[in-house]
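Please put together the full structure from these sequences, using the hints given.
As they're listed, the protein sequences go chains A and B.
This note's numbering numbers the first residue of the first sequence as 1 and each following residue consecutively.
This note's numbering numbers the first residue of the second sequence as 1 and each following residue consecutively.
Hints were generated in silico from the structure; no laboratory data involved.
Glycine included, C-beta positions come from ideal geometry on N, C-alpha and C.
Some hints here could point you the wrong way.
[As the list claims (entries may be wrong)] Here are the in silico distance ranges between beta carbons for each label pair: (1) 266(A) x 166(B): 49 to 55 Å; (2) 270(A) x 263(B): 42 to 48 Å; (3) 178(A) x 145(B): 56 to 62 Å.
[As the list claims (entries may be wrong)] Derived coverage of chain A by chain B (criterion: at least 3 residues anywhere in the stretch with Cβ under 8 Å from a Cβ of chain B; other residues may be distant): (4) 95-109; (5) 112-121; (6) 288-296.
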Amino acid sequence: MKKHYIILVGLVLLGIVYPQMFPGYLSVAITLLLYAGWATAWDILGGWAGQVSLGHASFVGLGAYFVAVGTAHHDIAPWWSILMALVAAAMLAYLWGSLTFKLKGPYFTLSTIAIAEILRLIAINEGWLTGGATGVFIMTLPEPFGLDLFSRQVNYYLALAFAAFTVLIVMLISRSKFGYQLRAVREDEDSAMASGINPTTVKLKAFMISGALTALGGGIYAIFLSFIEPHTIFYLLLSVQIALTAIIGGRGTIWGPCVGALLIVGSGEIFRTMFAEANMLIYGLLIMVVVMFLPRGIVGEPARYLLRRAYAKRAQG
Amino acid sequence: MFDYVSFMQNLSNGVLIGGVYALIGVGLTLVFGVMKTINFAHGDFVILGMYCAVLLNTLFGWDPYLSLLVAMPLGFLTGAILQRVVLSRLVEAPPESSLLVTLGLSLVIGNILLLTFGAEPKSVNVSYASSTVSLGEVRFSLILLLAGLATMVVIAGLYAVLNHTELGRAIRATADNRLGAELVGTNTRRIEAVVFGIGMALAVTAGVVLIPLLFATPTFSGAIFTLKAFVVTVLGGLGNIGAAIAGGLLLGVVEVMGASYLTSDYRNAYGLLVFLLVLLLRPEGLFGKTVKRV
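Here it is in structure tokens:
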């Protein structure tokens with residue numbers, strides 16, 4: 001476990017000096033960090049608790065809209081609106097989960113798509129609340145400590161902090177009692193219940209943490225884009241991207257979602273000129289290959305191999 | 001003031017468009033019934049059918065209904081091959097795997113279409129596009145009527161195959177009890193390939209039938225059709241063909257009625273709302289077995 005913390009600290013240090021080394025590639029790095037954070041947050045519910053959600057774009061949208069509408073229409077500073085978004089996201093996750101957690105496996109997944117689509121239609125049609133289909137522009141932002149929140153550099157450090165914070169949370173969860181409860185529920189709900197775990201409560205907690213963290217990233221995303229519209233930010237494909245990033249990297253592993261983000265955002269950059277707007281092709285091909293040949297993901301398979309070898313060694317004495 | 005004529009008009013439109021939804025849903029539910037696979041690429045198969053009609057129309061000037069002759073067998077073959085090459089590897093894997101693979105397949109199909117045909121919507125112009133048939137004061141659009149008719153013919157054909165042929169018996173047996181079917185000598189691997197082929201052929205047919213009505217766009221519309229197919233099948237109950245037809249009709253009517261009597265902004269939401277309600281309130285009746293409550 002200690003080595004995970006050392007890796008995290010090392011990566012964060014690397015992240016801090018990155019803008020000095022590659023000042024021209026900040027936008028890619030921001031995208032990468034946001035996806036790493038979102039996928040890690042998704043994984044708390046999707047990987048550790050085993051409930052595959054294809055509706056996480058709703059939480060991105062929620063966070064983004066709180067920040068954008070807050071600054072553009074109500075003059076609320078982004079840090080306050082992000083705090084409100086976190087509370088709102090946890091509440092949304094609570095309601096959403098209480099409604100749908102009695103559904104199992106694929107049915108839960110289908111219900112998340114349906115709810116996310118309904119939320120998207122609300123964001124498009126309720127202009128008084130969200131600015132409607134045309135979207136919201138962020139024109140001015142306050143300058144805390146003289147920092148310009150519009151600058152790429154500041155956006156980058158915000159995204160870095162978000163990704164690192166999310167990974168840290170997952171590390172803490174993975175070794176906590178709660179983390180073991182999550183895994184127990186994922187493996188077998190009946191056995192989990194038999195050992196005194198309430199699966200619904202555990203899943204609800206996971207969904208609330210996951211949703212709130214995703215909304216946090218959404219708020220930073222809104223500051224980064226400084227323009228949001230409901231068609232893209234509540235879009236089913238964004239949910240799919242977040243989920244697939246985590247699954248390709250490896251569900252229920254600490255570093256899997258980050259590796260998935262690196263792989264996907266990286267290859268997206270490389271192939272961007274080749275495929276132009278058809279960038280989701282990479283997701284499609286990767287997920288097919290991973291599910292067929294590496295069902296535990298790119299990090300999950302070797303991690304399992306190492307674990308099994310360690311057990312075998314111990315068993316041999 | 002309640003307007004009887006416009007109510008009947010909406011009802012008939014709803015039933016006709018619902019017939020096409022039923023056709024899409026039946027393919028999905030048949031595949032689920034036999035393979036226990038939720039096919040996320042089903043809507044993209046519909047779009048493939050649309051583009052097939054567009055292609056044959058621009059190349060040879062074929063009428064969309066003529067292109068069914070090519071599209072259906074092609075859809076069947078492609079489906080059977082896809083099942084053999086991709087999905088048959090996942091029989092032992094957890095149910096999510098096939099969902100994820102078909103989700104990947106959906107992205108691949110959509111984006112390949114985007115690369116080949118470009119992003120602008122495509123359609124086929126037919127001479128009878130605005131013709132109507134009147135029955136009393138209610139007018140039926142000829143295209144919708146033809147779509148409804150084609151749907152009925154195809155579903156009747158499917159029903160006949162399932163209930164009156166040896167192949168149909170084998171399919172029903174595999175859906176019922178896979179092991180039992182194998183014990184009495186059914187080649188379930190072959191049945192699965194055939195069923196996936198039939199499912200794809202049905203989706204492609206729906207796409208061809210829809211093309212005079214709707215525009216084909218490569219990426220987003222596939223997801224919409226997949227969602228509609230889910231709504232249809234869950235409304236009726238996954239794995240149950242008769243119920244999928246009822247679900248399709250219900251979805252069509254709910255959408256058209258909701259759009260004309262409430263607000264058309266939420267046209268796509270009405271179906272989803274009903275879908276959620278059914279999923280949450282009557283899950284045990286819809287999935288064939290009791291869902292445990294925690």
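A quick look at each hint next to the structure:
1. 266(A) x 166(B): 49 to 55 Å: Holds: the Cβ-Cβ distance is about 53 Å, inside 49 to 55 Å.
2. 270(A) x 263(B): 42 to 48 Å: Hint holds: Cβ distance 45 Å, inside 42 to 48 Å.
3. 178(A) x 145(B): 56 to 62 Å: 59 Å, holds
4. 95-109: holds (count 10)
5. 112-121: holds (count 6)
6. 288-296: holds (count 4)
Violated hints: none; the structure is consistent with every hint.
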